[in-house]
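Undergrad: Listed below are the residues making up each chain.
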Amino acid sequence: MIAAKDLCKVFVRNIAKKKGMKKNSATKEEFYAVDHVSFEAKPGEILGLLGPNGAGKTTVLRMLGNLMTPTEGEVFLSDTDGREITSVIEKKQKIGYLSGNTKLYQRLSTREMLRVFGDIYGLDKALCEERINDIFKVLDMESFGDNRIEKLSTGQTQRANIARCLIHNPEVYIFDEPTLGLDIISSEAIVSFMKKEKEKGKTVLYSTHYMEEAQYLCDRIVMMYKGKVIASGTPKALMEQTGTDNLRDTFRSLIKEEETDDE
Amino acid sequence: MNKKTVFSLYKKEMLDIFRDKKTMIIMVLVPLFLYPCMMLGMMLIMSNISKESLEKTYQIGIVECEETALVESLLLDEEDEFEYFFETKVYESANACETALNAKEIDVFIDITTAEDGRTSYEVGYFSSVPDSISASKYAEEILRAYKNELRNELIAERFDDYEKVLNPVVIGNRNVATIEESTGSIFGYIIPFMLITSILMGAIYPAIDVTAGERERGTLETMMTLPVKNSEMMFSKFMAVSTVAVMSALLNLLSMFLVGLYMYDSMQLVDTAFGDMNLWQFTPSVIGLLVCMPIFAMFASAVCLSVCIFAKSFKEANNYSTPVLLVFMFASMAGMLPNITLTTKTALIPIVNVALFIKAVFELQFDWTNIVLVLLSNIVYSIAAVMLMSKLFSSEDVLFGEGFRGVKFLEKRSNMKAGQMPGIGDTILMFGLLLLLMIYLSSSLVFRLGIWGTGLVQLIILAVPVFYAWYMKADFKKLFSLKVPAFKHILGGICMWLGVWLLEQVVIVSLAQWFPSLAETSDALNSVITDAGFISAFIVVGICPAIAEEFAFRGFLFGTLKDKWRPWLAIVVSALLFGAYHMNLLQFVGGTMMGIAIAYVAYRSGSIWIGAIMHFINNGLSVILQYNPEWVTKIPVLGKEVYGAGDYAILLAVGAVCTVLGVLLMRNKHIKDENADA
Numbered sequence: 000m001i002a003a004k005d006l007c008k009v010f011v012r013n014i015a016k017k018k019g020m021k022k023n024s025a026t027k028e029e030f031y032a033v034d035h036v037s038f039e040a041k042p043g044e045i046l047g048l049l050g051p052n053g054a055g056k057t058t059v060l061r062m063l064g065n066l067m068t069p070t071e072g073e074v075f076l077s078d079t080d081g082r083e084i085t086s087v088i089e090k091k092q093k094i095g096y097l098s099g100n101t102k103l104y105q106r107l108s109t110r111e112m113l114r115v116f117g118d119i120y121g122l123d124k125a126l127c128e129e130r131i132n133d134i135f136k137v138l139d140m141e142s143f144g145d146n147r148i149e150k151l152s153t154g155q156t157q158r159a160n161i162a163r164c165l166i167h168n169p170e171v172y173i174f175d176e177p178t179l180g181l182d183i184i185s186s187e188a189i190v191s192f193m194k195k196e197k198e199k200g201k202t203v204l205y206s207t208h209y210m211e212e213a214q215y216l217c218d219r220i221v222m223m224y225k226g227k228v229i230a231s232g233t234p235k236a237l238m239e240q241t242g243t244d245n246l247r248d249t250f251r252s253l254i255k256e257e258e259t260d261d262e
Numbered sequence: 000m001n002k003k004t005v006f007s008l009y010k011k012e013m014l015d016i017f018r019d020k021k022t023m024i025i026m027v028l029v030p031l032f033l034y035p036c037m038m039l040g041m042m043l044i045m046s047n048i049s050k051e052s053l054e055k056t057y058q059i060g061i062v063e064c065e066e067t068a069l070v071e072s073l074l075l076d077e078e079d080e081f082e083y084f085f086e087t088k089v090y091e092s093a094n095a096c097e098t099a100l101n102a103k104e105i106d107v108f109i110d111i112t113t114a115e116d117g118r119t120s121y122e123v124g125y126f127s128s129v130p131d132s133i134s135a136s137k138y139a140e141e142i143l144r145a146y147k148n149e150l151r152n153e154l155i156a157e158r159f160d161d162y163e164k165v166l167n168p169v170v171i172g173n174r175n176v177a178t179i180e181e182s183t184g185s186i187f188g189y190i191i192p193f194m195l196i197t198s199i200l201m202g203a204i205y206p207a208i209d210v211t212a213g214e215r216e217r218g219t220l221e222t223m224m225t226l227p228v229k230n231s232e233m234m235f236s237k238f239m240a241v242s243t244v245a246v247m248s249a250l251l252n253l254l255s256m257f258l259v260g261l262y263m264y265d266s267m268q269l270v271d272t273a274f275g276d277m278n279l280w281q282f283t284p285s286v287i288g289l290l291v292c293m294p295i296f297a298m299f300a301s302a303v304c305l306s307v308c309i310f311a312k313s314f315k316e317a318n319n320y321s322t323p324v325l326l327v328f329m330f331a332s333m334a335g336m337l338p339n340i341t342l343t344t345k346t347a348l349i350p351i352v353n354v355a356l357f358i359k360a361v362f363e364l365q366f367d368w369t370n371i372v373l374v375l376l377s378n379i380v381y382s383i384a385a386v387m388l389m390s391k392l393f394s395s396e397d398v399l400f401g402e403g404f405r406g407v408k409f410l411e412k413r414s415n416m417k418a419g420q421m422p423g424i425g426d427t428i429l430m431f432g433l434l435l436l437l438m439i440y441l442s443s444s445l446v447f448r449l450g451i452w453g454t455g456l457v458q459l460i461i462l463a464v465p466v467f468y469a470w471y472m473k474a475d476f477k478k479l480f481s482l483k484v485p486a487f488k489h490i491l492g493g494i495c496m497w498l499g500v501w502l503l504e505q506v507v508i509v510s511l512a513q514w515f516p517s518l519a520e521t522s523d524a525l526n527s528v529i530t531d532a533g534f535i536s537a538f539i540v541v542g543i544c545p546a547i548a549e550e551f552a553f554r555g556f557l558f559g560t561l562k563d564k565w566r567p568w569l570a571i572v573v574s575a576l577l578f579g580a581y582h583m584n585l586l587q588f589v590g591g592t593m594m595g596i597a598i599a600y601v602a603y604r605s606g607s608i609w610i611g612a613i614m615h616f617i618n619n620g621l622s623v624i625l626q627y628n629p630e631w632v633t634k635i636p637v638l639g640k641e642v643y644g645a646g647d648y649a650i651l652l653a654v655g656a657v658c659t660v661l662g663v664l665l666m667r668n669k670h671i672k673d674e675n676a677d678a
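Quick mapping for you: the protein sequence lines, in order, are chains V and Y.
According to numbering that gives the first Met the number 0, the residues represented by the first sequence are 0 to 262, in order.
According to numbering that gives the first Met the number 0, the residues represented by the second sequence are 0 to 678, in order.
If you're looking for bench data, these hints aren't it; they were derived computationally from the structure.
Among the hints, a few may not be true.
[Claimed, not checked] Restricting the straight-line Cα-Cα distance to at most 25 Å, the calculated cross-link-like pairs of lysine-lysine (BS3-like) are:
id: 1; chain 1: V; residue 1: 90; chain 2: Y; residue 2: 417
id: 2; chain 1: V; residue 1: 124; chain 2: Y; residue 2: 315
id: 3; chain 1: Y; residue 1: 229; chain 2: V; residue 2: 17
id: 4; chain 1: Y; residue 1: 10; chain 2: Y; residue 2: 20
id: 5; chain 1: Y; residue 1: 345; chain 2: V; residue 2: 17
id: 6; chain 1: V; residue 1: 18; chain 2: Y; residue 2: 345
id: 7; chain 1: V; residue 1: 102; chain 2: Y; residue 2: 315
id: 8; chain 1: Y; residue 1: 2; chain 2: V; residue 2: 124
id: 9; chain 1: V; residue 1: 225; chain 2: V; residue 2: 93
id: 10; chain 1: V; residue 1: 93; chain 2: Y; residue 2: 229
[Claimed, not checked] Derived CB-CB ranges, DEER-like:
id: 11; chain 1: Y; residue 1: 433; chain 2: V; residue 2: 99; range: 43 to 49 Å
id: 12; chain 1: Y; residue 1: 13; chain 2: V; residue 2: 123; range: 19 to 25 Å
id: 13; chain 1: V; residue 1: 84; chain 2: Y; residue 2: 654; range: 47 to 53 Å
id: 14; chain 1: V; residue 1: 84; chain 2: Y; residue 2: 13; range: 28 to 34 Å
Just so you know, even glycine gets a beta-carbon here, dropped at the ideal spot from N, CA and C.
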């Protein structure tokens with residue numbers, strides 16, 4: 000097991016993403032989908048990104064996963080020596096990214112796909128096979144690991160997708176609504192997986208709409224609204240701050256506050 | 000680029016493509032079954048039709064008169080040379096025959112009358128919309144003509160002893176010097192390019208769509224982007240995978256064609272025609288040539304398909320884009336069927352056309368190595384350039400989450416255009432295509448008709464096209480065409496740079512011409528057009544017009560757009576390469592590119608197109624002056640020598656380099672960074 004102190008910290012420094020909203024075919028209005036956001040996530044911590052639809056959570060996570068480049072500011076990892084990793088390729092090596100949009104190659108089996116991905120992450124053959132077998136055991140995939148992905152059920156596909164982010168043993172996980180649309184058993188498997196990885200000292204950043212899940216799972220929460228961070232802290236601190244006894248009410252009262260501020 | 004990554008991705012693409020049923024059907028079933036079925040089916044139908052028409056017994060009506068018996072005996076004679084079968088019926092009049100023909104009782108009839116001068120006239124009546132009637136009339140007429148010739152020969156023989164000499168006072172014949180292999184080869188050269196080019200493209204299009212728009216539509220592109228993979232690696236692996244499939248499909252096509260051909264050859268041999276003694280081994284080098292050229296062309300086709308499909312948002316959109324590509328390929332591949340177009344150093348550089356002409360040439364058993372190498376090399380260079388350009392242009396972020404590729408602004412309605420916008424990369428490609436087409440199709444025909452003023456007209460159009468384009472899209476003229484008034488220092492720098500680069504260009508061109516003498520052949524026709532025109536008009540048309548028109552097109556529109564999108568050095572080099580390619584001549588390509596770099600650099604530094612116009616004017620004006628006064632060249636020290644020694648080269652290079660560096664120093668501009676930041 001890797002000691003927590005050896006792992007990467009994630010820094011998000013004042014990032015912003017401008018997006019164009021098309022009014023008609025000629026004129027375009029630009030706005031900040033993410034409006035200068037900063038936070039950091041430490042090893043051994045699950046950081047939850049909460050907020051209503053359109054708050055900019057997915058955009059932030061995409062920038063963290065290096066699928067998008069921030070218009071301003073930067074995202075970087077920093078290793079124990081304090082060295083800042085800014086190269087996109089090097090960052091991608093250390094990140095496992097999962098979202099509802101990262102679909103799998105339907106015509107390959109999970110095993111074949113993992114071999115290709117392992118190859119690209121630079122694992123050697125023996126290590127790659129060993130990893131695949133381990134992952135299949137942990138995620139209980141041995142029965143369907145050699146079937147083509149197009150034949151798998153939704154829950155099985157999601158497990159295959161998680162296997163994909165695991166193959167290179169990343170130090171940072173970025174999960175965009177990983178439990179969306181899954182049954183209780185599949186989502187419990189994912190939740191317990193995140194907990195286990197956290198205990199190994201890895202950093203998990205994730206977004207969700209399920210408040211109970213976030214309350215139970217997250218060490219810290221970053222609350223976003225209209226592209227901005229409106230509150231952050233441990234679930235407990237946030238609940239105290241708003242005088243509520245569950246995260247669902249905390250969320251409501253924070254959003255309400257922002258809306259009255261806007262007016 | 001990491002080779003291992005590219006190879007892993009390539010393996011994945013191949014696995015993915017080969018497990019797709021649609022690809023397999025298009026790749027394997029179509030060539031292996033469709034061709035043979037089509038060809039054999041056609042052969043069967045055709046042979047059946049002709050057999051049927053030969054073996055059929057036709058009903059023929061004859062008008063009753065004195066000659067009836069004679070005609071009947073002619074038609075029914077089984078011992079003559081004809082193998083037609085008739086059954087005769089006798090009718091009392093021509094009207095009765097017509098009625099019978101209309102009622103389909105007979106296929107054809109013969110009306111017999113007597114003309115005014117006493118000769119007998121036989122008229123074959125038939126029904127032009129019934130195929131049987133037409134064939135029957137042809138056969139009946141043939142028999143009657145033979146009868147007529149027999150009678151005529153008898154009559155002549157009665158009056159002349161040497162009637163053969165009266166009939167044919169001279170003997171006329173023809174003799175085909177081409178061997179049977181050569182004439183067959185030219186038939187191959189007509190058909191094969193079209194079929195092969197189309198089939199390679201068909202083999203490339205589907206996988207190209209599948210690995211680009213398909214991958215995006217299925218959502219796996221986003222997964223791919225989470226991997227530590229560079230654009231160039233991804234693009235290159237896709238390119239390799241599509242090329243592999245295209246080559247395989249082309250090989251299958253070829254194999255299928257070969258087998259069908261062999262079958263046809265075999266059946267023809269049985270019929271015992273001239274093709275029977277053809278030596279097919281003579282085509283071995285042609286087939287080898289074909290096998291070498293095919294994979295290289297498959298690479299080119301794959302690169303084109305990928306560049307078109309990579310920017311499509313969906314399968315449907317990619318399909319829409321590929322239709323015009325298919326049309327262009329089909330038309331270009333027909334170049335082999337045009338009689339006057341052959342493989343030359345010029346046509347060897349035109350994509351697609353060069354491959355069609357290459358296949359035609361090798362099957363006509365003509366092997367010109369310079370051209371062959373040019374064809375193969377140019378295809379490789381085009382493909383690699385296209386792939387590199389794609390990895391540059393392709394931004395996964397725009398394709399995944401953005402509005403997709405909106406590089407061609409011209410396709411919008413003018414009322415929707417945003418005033419002051421800049422053209423996109425797609426616009427520059429379209430513009431360059433337009434300019435090239437103008438040069439290829441309009442230039443020579445106008446010069447041929449109007450002489451030197453034709454060149455002037457072409458230049459006027461070259462000026463009008465980018466200006467109209469920019470007006471239509473409501474571009475910011477001042478920014479796009481760099482219409483700033485230049486500083487005096489910069490003009491001086493530009494002229495200095497021109498002199499330097501011009502000297503370097505002379506050295507390069509002279510050495511190139513020494514190594515490749517065939518390149519140095521200048522077009523005498525064009526030179527005579529210039530010298531015949533008179534100095535003043537030549538000076539205006541060749542010296543002044545291009546200096547304005549080509550500057551607006553290349554340093555204005557093309558470089559202006561590229562500079563807006565890319566890093567300056569890349570924009571300078573690419574615009575210069577386009578400028579060189581536009582001259583469509585290898586020596587001028589080198590010269591044009593060198594001068595293009597210099598002028599684009601000046602335009603970048605000074606922010607003004609006018610210095611480039613002055614440089615261009617000096618360059619072209621000087622060449623006109625020297626053309627009219629060739630003796631002046633010899634008076635120039637060093638440069639005017641007939642043969643250069645090593646020392647002369649050194650002097651020219653040194654002076655050229657010094658002038659260039661001096662020009663670069665003069666072109667320095669403190670404000671350049673701020674200006675570009677503003678822009």
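Undergrad: I'd like to know which numbered hints this structure contradicts. Please list them from smallest to largest.
TA: 1, 2, 5, 6, 9
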